[in-house]
Amino acid sequence: MSELRRHRQGADRQQRAAEQAASWYLDQREGMNESRQAQFMAWLRQSPLHVQEYLAMARMHGDLAAAAALDPLHADQLDELAACDATVVPLRLGVQAPRTIAAAPTRHRRAHWLSQVAAAVVIAVIGATSWLAPPPEAWTAYASGSDELRSVALADGTELQLDRSSILAVRFDRDRRMIDVLHGGALFDAGHGDARPLHVRLGSNILQDIGTVFDAHQSDDGGNVTVISGRVKIWQRDNRNEALPGITADDHMIADLAAGQQASMHGDGSLDLIDHNADVASSTAWLPSDIRFERATVTEVARRFNAYSIHPLHIDDAGIAATRISGRFHARDMEAFIAYLRTLPGVRVVRGASDIRVVGGSHDTHQL
Amino acid sequence: MTADPTPGLALLFDERQAMLNRYFLKHTAHAWDAQDLVQELYLRLLRTDRGGAGGIQNPEAYLFTIAANLVKEHALRRHRSPLGSDELEEVIERLATPCDAAAGVDRALRRQRLTDIIGRLTPKCRAVLVMHYRDELGYRDIGERLNISPNMVKKYIVKALATCRMGMARYE
Chain A
1 MSELRRHRQG
11 ADRQQRAAEQ
21 AASWYLDQRE
31 GMNESRQAQF
41 MAWLRQSPLH
51 VQEYLAMARM
61 HGDLAAAAAL
71 DPLHADQLDE
81 LAACDATVVP
91 LRLGVQAPRT
101 IAAAPTRHRR
111 AHWLSQVAAA
121 VVIAVIGATS
131 WLAPPPEAWT
141 AYASGSDELR
151 SVALADGTEL
161 QLDRSSILAV
171 RFDRDRRMID
181 VLHGGALFDA
191 GHGDARPLHV
201 RLGSNILQDI
211 GTVFDAHQSD
221 DGGNVTVISG
231 RVKIWQRDNR
241 NEALPGITAD
251 DHMIADLAAG
261 QQASMHGDGS
271 LDLIDHNADV
281 ASSTAWLPSD
291 IRFERATVTE
301 VARRFNAYSI
311 HPLHIDDAGI
321 AATRISGRFH
331 ARDMEAFIAY
341 LRTLPGVRVV
351 RGASDIRVVG
361 GSHDTHQL
Chain B
1001 MTADPTPGLA
1011 LLFDERQAML
1021 NRYFLKHTAH
1031 AWDAQDLVQE
1041 LYLRLLRTDR
1051 GGAGGIQNPE
1061 AYLFTIAANL
1071 VKEHALRRHR
1081 SPLGSDELEE
1091 VIERLATPCD
1101 AAAGVDRALR
1111 RQRLTDIIGR
1121 LTPKCRAVLV
1131 MHYRDELGYR
1141 DIGERLNISP
1151 NMVKKYIVKA
1161 LATCRMGMAR
1171 YE
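Those sequence lines, one after another, are chains A and B. Each residue of the first sequence is one higher than the one before, starting from 1 at the first, in my numbering. Each residue of the second sequence is one higher than the one before, starting from 1001 at the first, in my numbering.
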C-alpha cells in the first residue's frame, strides 16, 4: 500500500470516528437510556481513536456557540443560502463530486461507505494528481446587514463593496475565480495579476470580467450590470448546465459592455435592454458618499475613487503611487483628490480621452 | 489511584459540568500530550471492564472524570507540588489560575479558526450548525425553516461537527 493511500485511509477513519463521536455527543445532550449508554461505552472501548475523537468533540463543543455567534449571516440569510446549496457547491464537476457526496447527510453507514468508494473511484478516474492536489477550497459567503455597506478584500486582490442586505458566495479554485450573487448586489473591483478567469454568477447570467470595475445587482425579475471601467461580457446560462461551473458551449453571450454602459436582463437571463450612456452615478448611488483613508498609498486611494468614475485615475509614477496619505474626500469629487495630488512635489496630471494619468515631474507631458 | 472514580467526583462532575468543560479547554491540549492522555484513558476504560462496566451509569461523566484525574496526576508529577486535597474543584482552581491570560488568547484564536471553518462548510451544514448553536433553534424548528426532517437536521449537524473537528485537528 502506498504512503498516500495509507494516509488517506487514516483520514477517512478519523472522519468516520469524528462523525460517530459527534452523533454520540448530541445524543448525550438529549439524554440516553441505559441500553444506549451501554452501547456508547462499547463504542468508546472499540478504539483509542473513538476516545480521542470524543474528547476532541467535547473540547470543541465549548467553543461552538461563541464561534457560531461570529457568523455574519442572519437566520433568514442562512435559509436562503441553504436553499442555494445545490447550485453553489458543485463548481468543478470532477474534483467536486466526492465533496458533494460527502456533504450529503449519511443515510446510514453502509450508504456512506458506498459513497466513499464511489468518491474514490471518481478520484481514481480523474487521475493520481487529484490525490496530491490540496482539497478544493470551499466557498466563503459574505453578507451585509440591512443597514450597512460592507467592504471585502479577496485573496486575489479583488475588492467587493456589498450593497445593503446582500449575500455573495466566493469560491476560488485551481482554474477559476467564481463569485455568486445570491442576494442584492455589489461593486466588483477585479484584482489584476491573477491568471484565473473571474466569473460572476448573477441569476441566469454569468458575467465575464476583463480587468474591470462594475456594479451587479440581482432582483426577482432579473439582473442589472453597470460597467464603470474596463469591459464585461454577459452570458445567458443554459439551464441544463445549472450544475456546471463557468461558461459552457451551450451558453451564449448576450452583451459586451464597455465603461459607462449598462445592461438589464430578464429573470431567464435574456437581454432586456442596453443603455450605452448609462447614468453611472445613479447606479452606484448606494455606494458610500465619502472616501476615508488613513496612511493608504495613493494607488489604493485612486482605486477607491475609480469605483465611482468612468474616467479612471492611473498613478504611473512608482514614487507617487507608494506615497502614503491620510484624509477624507467626497467620493464623487475626484477633482478634489486630483487637486490634492498636484500639491505633492513633482506631480503632473495628464488627461486622456478615457483616463487620467498621474506621472512624475520628469516626464515631458502636457501639464494641466 | 484506581480507575473507578469516587462517587464524590462523579457528583462533582454533574454539578460542575460547565466548569469542567472550561477546564478541558484549558488543559487537555497543553498540560499533556493529547495522545498520551488518550492511550492512558483507553487502557483504563478497558481495565475497568474487567471489574464490570455494567455498574457505570453515566459513561460520559465517567470518561471525563478519569480524564480529569489523569491530567491532575500528570500535573502533580510535573510540578511536584503536592496538593493538600483531592478535591477536583480545588485542583481545577489551582491549575487554571496561572495561565488564564494565555488561555484567553488561545480561546480567541481557537474560536476565530472555528468561525473560519464554519464559514467554509457546505451551505446546509453551515446554516443548520449556526441556527442550532447561535440561534438556539431545535432540530424541528430548523427542519421547518429549511424544509427537511428533524432527523436530517441532526445528520447535517453531525456532518458539520465532524468537518469542524477535522478542520481544527489541522491546527493541533
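Read the hints as simulated data drawn from the structure, not as lab findings. Just to be clear, a hint being listed does not mean it is correct.
Not close to chain B: a few residues of chain A, all C-beta gaps over 10 Å, as computed [claimed, not checked]: (1) Gln-15; (2) Ala-68; (3) Leu-70; (4) Asp-79.
Have a look at the derived ranges for each label pair, beta carbon to beta carbon [unchecked claim]: (5) A/Phe-293 to B/Leu-1109: 21 to 31 Å; (6) A/Ser-354 to B/Arg-1140: 21 to 31 Å; (7) B/Leu-1109 to A/His-314: 36 to 46 Å.
No experiment lies behind these values; they were computed from the predicted model shown. C-beta: ideal position from N, C-alpha, C; glycine also.
Worksheet item: Quick one: are A/Phe-293 and B/Leu-1109 within 21 to 31 Å, going by C-beta?
Response: holds (29 Å)
Worksheet item: Does the claim that A/Asp-79 lies outside the interface with chain B hold up, using a Cβ gap greater than 10 Å?
Response: violated (5 Å)
Worksheet item: Would the least Cβ to Cβ distance between A/Gln-15 and chain B come out above 10 Å?
Response: At roughly 6 Å from the nearest Cβ of chain B, A/Gln-15 sits no farther out than 10 Å, so the non-interface label is violated.
Discussion item. Confirm or reject: A/Leu-70 is not an interface residue toward chain B, with every Cβ-Cβ distance exceeding 10 Å.
Written reply: violated (4 Å)
Worksheet item: Can we trust that A/Ala-68 is non-interface, i.e. its beta-carbon lies farther than 10 Å from all of chain B?
Response: Label violated. Min Cβ-Cβ 4 Å, cutoff 10 Å.
Item to complete: Given the range 21 to 31 Å, decide if the beta-carbon distance of A/Ser-354 to B/Arg-1140 lies inside it.
Response: violated (59 Å)
Worksheet item: Is the distance from the Cβ of B/Leu-1109 to the Cβ of A/His-314 consistent with 36 to 46 Å?
Response: holds (40 Å)
Hints 1, 2, 3, 4, 6 from the list above are not met by this structure, while the remaining hints are.
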